[in-house]
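Now that you have both chains on their own, put them together as the hints suggest.
So the protein sequences, as listed, match chains A and B.
Each residue of the first sequence is one higher than the one before, starting from 3 at the first, in our numbering.
Each residue of the second sequence is one higher than the one before, starting from 395 at the first, in our numbering.
Hints were generated in silico from the structure; no laboratory data involved.
Yeah, the Cβ is synthetic: ideal placement off N, Cα and C, and Gly gets one too.
A couple of the hints might just be wrong.
Here are the computed lysine to any residue pairs in the SDA-like style, where the Cα-Cα straight-line distance is at most 20 angstroms [stated by the list, open to error]:
| no. | chain 1 | residue 1 | chain 2 | residue 2 |
| --- | --- | --- | --- | --- |
| 1 | A | LYS83 | B | ALA694 |
| 2 | A | LYS83 | A | THR204 |
| 3 | B | LYS605 | B | SER465 |
| 4 | A | LYS83 | B | ASP691 |
| 5 | A | LYS231 | A | LYS83 |
| 6 | A | LYS231 | B | GLN633 |
| 7 | A | LYS83 | B | PHE695 |
| 8 | A | LYS231 | B | PRO443 |
| 9 | A | LYS83 | B | LEU513 |
| 10 | A | LYS83 | B | SER690 |
| 11 | A | LYS83 | B | ARG499 |
| 12 | A | LYS83 | B | GLN503 |
| 13 | A | LYS83 | B | PRO443 |
| 14 | B | LYS605 | B | VAL507 |
| 15 | A | LYS83 | B | VAL507 |
| 16 | A | LYS83 | B | LEU501 |
| 17 | A | LYS83 | B | GLU684 |
| 18 | A | LYS83 | B | PHE686 |
| 19 | B | LYS605 | B | ALA663 |
| 20 | A | LYS231 | B | VAL404 |
| 21 | B | LYS470 | A | PHE268 |
| 22 | A | LYS231 | B | SER405 |
| 23 | A | LYS83 | B | GLN633 |
| 24 | B | LYS470 | A | LEU262 |
| 25 | B | LYS470 | A | ARG266 |
| 26 | A | LYS83 | B | PRO689 |
If you anchor each label on the Cβ, the simulated ranges turn out as follows [unchecked claim]:
| no. | chain 1 | residue 1 | chain 2 | residue 2 | range |
| --- | --- | --- | --- | --- | --- |
| 27 | A | TYR146 | B | LEU692 | 38 to 44 angstroms |
| 28 | B | ILE679 | A | VAL263 | 34 to 40 angstroms |
| 29 | B | LEU532 | A | ARG165 | 52 to 58 angstroms |
| 30 | A | THR228 | B | TYR525 | 55 to 61 angstroms |
| 31 | A | VAL263 | B | ARG557 | 54 to 60 angstroms |
| 32 | A | ASP43 | B | VAL687 | 35 to 41 angstroms |
| 33 | A | PHE234 | B | LEU413 | 22 to 28 angstroms |
| 34 | A | VAL195 | B | LEU413 | 32 to 38 angstroms |
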Amino acid sequence: MIAALPPPPPAVEAPAPERSAGTTRQVRVAAAMTDARIRVDSSFSGASIVLYGAVFNPTDAPTDVVVVVRGPDAPVRLVKKTRNMGVWLNSRPVLFEGAPGFYLTASTRPLGDIADFGQLRRLGVGVDHLRINAPQESRTVTRYGVRDVVVSRLGEDYLDWRRAVIRLREAAALYDTDSDGVEFVDKGLFRAVIDLPAVAPTGQYSAEVWLFQDGEPVSVSNLTLTVEKVGFERDIFEFAHNRPWTYGVLCVLLAAFTGLVASRVFRRD
Amino acid sequence: MDIYLPIAEVSVNWPLLVLLGATVGFVSGLFGIGGGFLMAPILIFLGIPPAVAVASQASHVVASSTSGVISYTSQKAVDYRIGGVMAAGGVLGALAGVELFRYLRLLGQADLVVALSYLLFLGAIGTLMLYESLGQILRRIRGEVVPHKDRRRPLWLYGLPLRMRFPRSGLYISAIPPFALGAFAGVLSAIMGVGGGFILVPAMLYVLRMKASVVVGTSLFQIIITTAMTTILQAGRNQTVDIVLSTILLLGGVVGAQYGARWSGRFRAEELRAVLGLIVLLVGIQMGLELFVRPSDLFAFAPGVAQ
Chain A
3 MIAALPPPPP AVEAPAPERS AGTTRQVRVA AAMTDARIRV DSSFSGASIV
53 LYGAVFNPTD APTDVVVVVR GPDAPVRLVK KTRNMGVWLN SRPVLFEGAP
103 GFYLTASTRP LGDIADFGQL RRLGVGVDHL RINAPQESRT VTRYGVRDVV
153 VSRLGEDYLD WRRAVIRLRE AAALYDTDSD GVEFVDKGLF RAVIDLPAVA
203 PTGQYSAEVW LFQDGEPVSV SNLTLTVEKV GFERDIFEFA HNRPWTYGVL
253 CVLLAAFTGL VASRVFRRD
Chain B
395 MDIYLPIAEV SVNWPLLVLL GATVGFVSGL FGIGGGFLMA PILIFLGIPP
445 AVAVASQASH VVASSTSGVI SYTSQKAVDY RIGGVMAAGG VLGALAGVEL
495 FRYLRLLGQA DLVVALSYLL FLGAIGTLML YESLGQILRR IRGEVVPHKD
545 RRRPLWLYGL PLRMRFPRSG LYISAIPPFA LGAFAGVLSA IMGVGGGFIL
595 VPAMLYVLRM KASVVVGTSL FQIIITTAMT TILQAGRNQT VDIVLSTILL
645 LGGVVGAQYG ARWSGRFRAE ELRAVLGLIV LLVGIQMGLE LFVRPSDLFA
695 FAPGVAQ
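Chain B with its partners taken away, still in its complex shape (with noise of 0.2 angstroms):
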């Protein structure tokens, strides 16, 4: 059942794609999230080159968001005015950020600011979900009343120039910081391999304070055209994408999200932010742990050599 990847150049076992392409879709339905943080590592795990995995699995991302996109938009529940602002800074980020992975491969520091993206980026998050969503539940729990929220915002929002209005998300505000948190976000596709869902949710709902209906699906949107971005320039400058490996993948992800998405509704949302923040926080742990336990070869091959 081994089938041999003509760009990663490894035989793997195909039904095992299938089955880790669908578990990641399933959580990336249950939660609304790309699931590139989760995959990535496994891939390089199963022993694909972590080049060819990071930019493979993107396309993953773009299959699963364009069906969450499709079901948002029919929902109403996609701003494309806001979100098309942040996917013009995202394809200026995935730029910058397939030319900055292709410097750091050939400076042989590649996997080291992957290591440290993974623990500073999934650490933060994951400490931020879980701290807070626990504390929701034990509000819950406790049957105390939950603060009101402060919805003001940073007025440094209002201060910058280019200011534009966004209806349907309920803002009148400078495009600047959404562009900027686009471009960042495409800068972590490239490196990390991720869609960025995880850092664009919380940094839209709680620094633009978005209207929260309209959040994920915009965020998805953004996602799609900059991980489409980042698949097209990694297969064009670094010719790293495997089209079977990612067709694989694609195939287990479309359905389990689908799936996970149905099942979403039967959890409570501070539950299942639980969750996520947890594997989110162990995902940063486990990828970052390589910088502090002393590895078991102290050599190891840098890849990219000029061919």
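With the rest of the complex left out, here is chain A (with noise of 0.2 angstroms):
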């Protein structure tokens, strides 16, 4: 219902928060992790966090909790199979900006029931308002005396594109919707499990977790998350980074060491 509705551009960028702002308001939300640092070792399959936190809601209207989860921005470049002559071929790829590399909203509720669809907008919660877009596609131009309107070269399929890079993303695991994630444990006490795939990029990641109340955001807690490679793979990584030639040399090194031994180890006498 709400993605099929074309994206208008966000006019205001959502300020970003402080950390467990409104606190001048009563109703506030406060949260931490179990894990603040994920470390991705050879036996890396995967992870498993917990957020934890507490709603203070002296008033009588319920709220709602709903955590996102970001992970570092990551460009994807996309192509589309057409079919021509019978087989099928790539189209030219295009780059897609503003799409990171994880995505996690978990809520109380289905997203479109906790706030209206301007003010998920706004804040940029939920796939659907992600800040997709391909700046290499768009340009301006002046429509029906209008100036500076941004067209797609795209045109028409721009929705299809922008969608399957949610859609793939999701296929992966790496991007997520799960609209009965947040779970109170007591009055007041909530939790939200947040499951990262083998395959998350590392980098920062940012929990923001929003406090909603009549379908407005009434206090906001802001986590940060590391992801990254240590011990025996950072180094793997990082010398096959800074040092490419040489990691190069010794991969080749390796295996005719290996294909040498093993005709020695083998030779029939």
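Written as structure tokens, this is what we have:
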């Protein structure tokens, strides 16, 4: 329903809220994570973090909690397959920016019930409200006398392309929308489980915990999460990227040496 | 039993990889081939990014070819002179191939070219091998006499300049055809991640008409040089070589190759060729099928974001 509407470019960027902002108001949220540092080593096969927190709500109006976990920005190039003379060929790749490498929302209710479209769009909450676009494809024209109208060279397919970015990342378990992922364990105490797949990108993650009341955001708590390669994995990765030629020569020598040893060990006498 | 691969950035079951290495090693030892054409598609199927799969398994080819060349050298079945000329071409071809592959990735057409090359080359070679070996098997069953082979070389091999003597291969031909053949195998090694033995061996046998006893050893020597060059270039230019992945594959691969080589004596040469031809043809068709089957998702990520 929401996805069917065209995404208008956001007029106002949501200002980066302070950690546990809204302290002047009565209603507020505080949150923390069991683990703020995920170590990717050779046994890494994904991670599961528990985010927990408390809601202070002296009023009678019910509140909703929305957790948004956002990975580092990872631009993607997308191709569309088209059929030419019986053969499926790739189109030229289109670069999409503004797509985080990991994006998860967990909430007490479906997002559409918690706040209206405009509010979610302004805050950038929900996969439909990610600011994914293809800046290299767009240009400004004057249309019907209106100056600086942004149009995309992708034309009417633009939404299909944009949705494909989300769909493909969802298929890789990198994007997720969990409409009952925030669970109240006691009055005012909630927890949410965040599952990072093994393919989750390394880097700085941010987690926003929004508190909504009557469809309005009343408080937010900001947390950070670091996913990094450690130990052997990190050494190999840095070696391969900092001294790529030495690394390549080493790989070949290792392979040739293994072959040499094997032929010695298995030599028939 | 999962292990996280630092360059591929995926988590895989390592005993499965050892088993895969051993199986492909066994096949390569049995048929006297590098086995790259088999390994790369399976790795991609297991979820390894194609660029990493193609680049990392090249070092598996280096290892199995090294142990092959050592045993062929002891049988004096390697012609280092013509192998050197081909390897020089191979290095040049690898340089061009890695750059071509980079360019194709930028265009988003790398997977198309890979699929097309597999379909074209493996399909053609597989069909030829199957046809030739099945014919030979049929003739043997019927008890017909094998027709005398025409040993004449194509005349253009003599018309070209830069003639060299290759005593061990029994050749006195221009250096240009072996050089060109090596260069072609080098390009394929960069794009398909294969050693190119399945192209080199028939071409050396039927076009250059080298002495059959030195063909396999010499092609393995050329393959070592070319794939070593490809590995270094892929690591240096694209950072797509995963040393952990290639080491796991190597461990199974070298053991499997030795057992494969021991088993190869139990079968007739034409039967082995028929089976190999069938495998080559099936892999080619499987890889080429994606060009004709409607994809489940019309959109796909193109690798190689400018970072």
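query = Which numbered hints turn out to be false for this structure?
reply = 2, 5, 14, 23, 27, 31
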